[in-house]
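S.K.: Mind docking chain S on chain A? Use the hints.
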Amino acid sequence: MRRLASPGALLLALALLASLPAWIGNSYYVNIASQVLLYAVFALGLNVIVGYAGLVSLGHAGLFGIAAYSGAILINAGHGHFLSIVGALVVTLGAAALFAVLALRGTGLGFVMITVALGQIVWGVAYRWISLTNGDNGVSITSRPAPFGLSLADANPFYWATLVVFLVAVAAIAIFVASPFGASLRGTRDQPRRMNALGYDVWLIRFLAFLFSGLWSGVAGLLFLYYNQFVSPQMVALTASAEVLLMVISGGTATLLGPIAGALLVVVMKNVASAYIERWNFVLGAIFVAIVIFMPDGLVPGSLRLWRWSLRRGRQLLAGPAAMAAVPPGNGNGGGP
Amino acid sequence: MNLWLLAANSIAFGGLLFLLSAGFALIFGLMRIPNLTHGSLFMLGAYFGVSLIAWGVGFWPAALIGGVGVAVLGGLIERLLLRRLPGAELAQVLVTLGLSFMIADACLMQWGGDPISIETPAALRGVSRVAGVAFTTYRLGVIVIAVVFATALWAMLEWTRLGAMIRAGVDDPMMARAVGIRVPLLFTVVFCLGSGLAGFAGVIGGPILSVYPGLDQDMLPLALVVVILGGSGSLVGAFVGSFLVGVLYNFGQALLPELAYVVLFLPMLVVLVVRPAGLFGRSSP
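Line by line, the protein sequences are chains A and S.
Note that the working numbering gives residue 32 to position 32 of the first sequence, counting from 1, and the numbers run on in steps of one.
Each position in the second sequence, counted from 1, maps to that position plus 1000 in the working numbering.
Isolated chain A (complex conformation) (with noise of 0.2 Å):
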């Protein structure tokens, strides 16, 4: 894999991510950075499943959810965060494990329809079983947990406890993706038959990153729960499985940036959009079908592409008119990282 960027200027981005609130000041945007952080770390969880294993899932609010649900019924029958935050990973873990046995028995189309199926099923228990999930009205917990006696009710230590998850999210995906077993994954989305035929179980293979990517899906369903300390249907409804999945499409499947920047964008539009326009699912959508039909490989691809085809524009210019045979930036020179 190659090295997403030089030691220093990561150096700097985490300075500047741990500097966040000193600079912001404002609790208000210190909390949408949180939002955007917990949110990075959820669409991370997708893109291994979407970008890396090539497995639409129209199904991990699903899993988001019952991470955040689980968590927050074990918090209120009394027991401890840790406890319950473990409670909760285990019960995320087999719900992933159960979802991943029904949707891998599809590809492709299958594959989506099943995921669809399944978050409605997870969406229908939280809305229905009154007695569980509250129905409509959903769960609240009343307290962040204390860490090592810090305690997490503010915004700014509730940030930096977010982006101490979100940076071990994505140093575990970073190495997940760049070992022997991320490549063998590629390999399954590539060429199933040819992996099958070296003697991979690729059956094996993707119900192991589906664990991982539920696995991160249920992290951020928890980070949510804290940051609302409330839980309702809406999160794992349909629309919710489709934002996370915009995220990821929007910043560039199988790339560790994209989903970053998708979350970014989302996140960010979703706050401004619903400031200043009521209809922000209107846009949700609009934006979708623009992505799609204009940008097709993401946006973190995208510009690079014409970043690249800019810069060797420039040059070309530099170089005198005799070189100016311009390359459009089509879909044929490089693509993505």
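Hints listed in this document are in silico derivations from the structure and should not be mistaken for laboratory results.
Backbone N, C-alpha and C define an ideal beta-carbon position, used for all residues, glycine too.
Keep in mind that the hints are not guaranteed to be accurate.
[Unchecked claim] To be clear about the criterion: a stretch of chain S counts as covered by chain A if any three or more of its residues have a C-beta under 8 Å from a C-beta of chain A, and this derived list gives those stretches:
| # | region |
| --- | --- |
| 1 | 1073 to 1086 |
| 2 | 1091 to 1099 |
| 3 | 1188 to 1199 |
[Stated by the list, open to error] What follows is a set of in silico ranges between Cβ atoms, one per label pair, in the way DEER data are often shown:
| # | chain 1 | residue 1 | chain 2 | residue 2 | range |
| --- | --- | --- | --- | --- | --- |
| 4 | A | Gln316 | S | Arg1084 | 54 to 64 Å |
| 5 | S | Val1144 | A | Phe230 | 29 to 39 Å |
| 6 | A | Val164 | S | Leu1006 | 48 to 58 Å |
| 7 | A | Phe230 | S | Leu1259 | 19 to 29 Å |
| 8 | A | Asn271 | S | Leu1006 | 42 to 52 Å |
| 9 | S | Arg1079 | A | Phe294 | 13 to 23 Å |
| 10 | A | Ala15 | S | Leu1259 | 49 to 59 Å |
| 11 | S | Leu1266 | A | Gln234 | 16 to 26 Å |
| 12 | A | Asp201 | S | Leu1266 | 40 to 50 Å |
M.R.: Here is chain S on its own, set in the frame of chain A:
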């Protein structure tokens, strides 16, 4: 008595589901497009019906015009958007999903957030007795309409030239192209037909379900379950699947309201595990 009523309602709902999912099954089977706007087209048809009836159009003409209006919109979606994305399943999923959000929000803007009920046409009001059991006349009417449409569609597929071309396209699109069938034109026709049926079903379903924001999200999973149960591209599968889902949904709602969705989706999961192609689908796509 209560059980009878429930059974009758289930069958009527199944008939409605058939009108909705026959088009979905054909579009999915022929074009391999997971049309996630299908629920929205149903809802849009219902809202068209509401407006037409408010302007003084009769119920049945409103249902027909609503269906045609939605069919035209479906044709435009196919021609202008989906046509650009042949074989790109992910892109098709995203575009149809994006459109469904846009349609849902546009409907909310135009018709507001309150549920609107469509009045039952005068001729079918009241209660009929069949074999000593009382049924709502309108629901019997819906069953009759569904059976008539099912028969017509079946006859069209089996006996007409268009039907033969559609079947050829479902079975082997490459070969169908090679023998000179204009598959792209066929796609547009089938997409219009499927959309129109969904829009028509929306108006017909109005007196039973009423129309409300979120109706699209309620109906789409049902169509999905029908097609997964019955098998894609199979009209018989859609027919049997619809009534199965109608029964499961209504009995689930009545007997286990908290787990209605689980009752609905569980058989689908069993079918998936035992027979992934669906009850009436071909095992190899």
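S.K.: If a hint holds in the structure, say so; if it doesn't, say that too.
M.R.: A quick look at each hint next to the structure:
no. : hint                             : result
1   : 1073 to 1086                     : holds (count 3)
2   : 1091 to 1099                     : holds (count 7)
3   : 1188 to 1199                     : violated (count 0)
4   : A:Gln316 x S:Arg1084: 54 to 64 Å : violated, 31 Å
5   : S:Val1144 x A:Phe230: 29 to 39 Å : violated, 48 Å
6   : A:Val164 x S:Leu1006: 48 to 58 Å : holds, 54 Å
7   : A:Phe230 x S:Leu1259: 19 to 29 Å : holds, 24 Å
8   : A:Asn271 x S:Leu1006: 42 to 52 Å : holds, 46 Å
9   : S:Arg1079 x A:Phe294: 13 to 23 Å : holds, 18 Å
10  : A:Ala15 x S:Leu1259: 49 to 59 Å  : holds, 51 Å
11  : S:Leu1266 x A:Gln234: 16 to 26 Å : holds, 24 Å
12  : A:Asp201 x S:Leu1266: 40 to 50 Å : violated, 28 Å
In this structure, the earlier hints numbered 3, 4, 5, 12 are contradicted, and the remaining ones agree with it.
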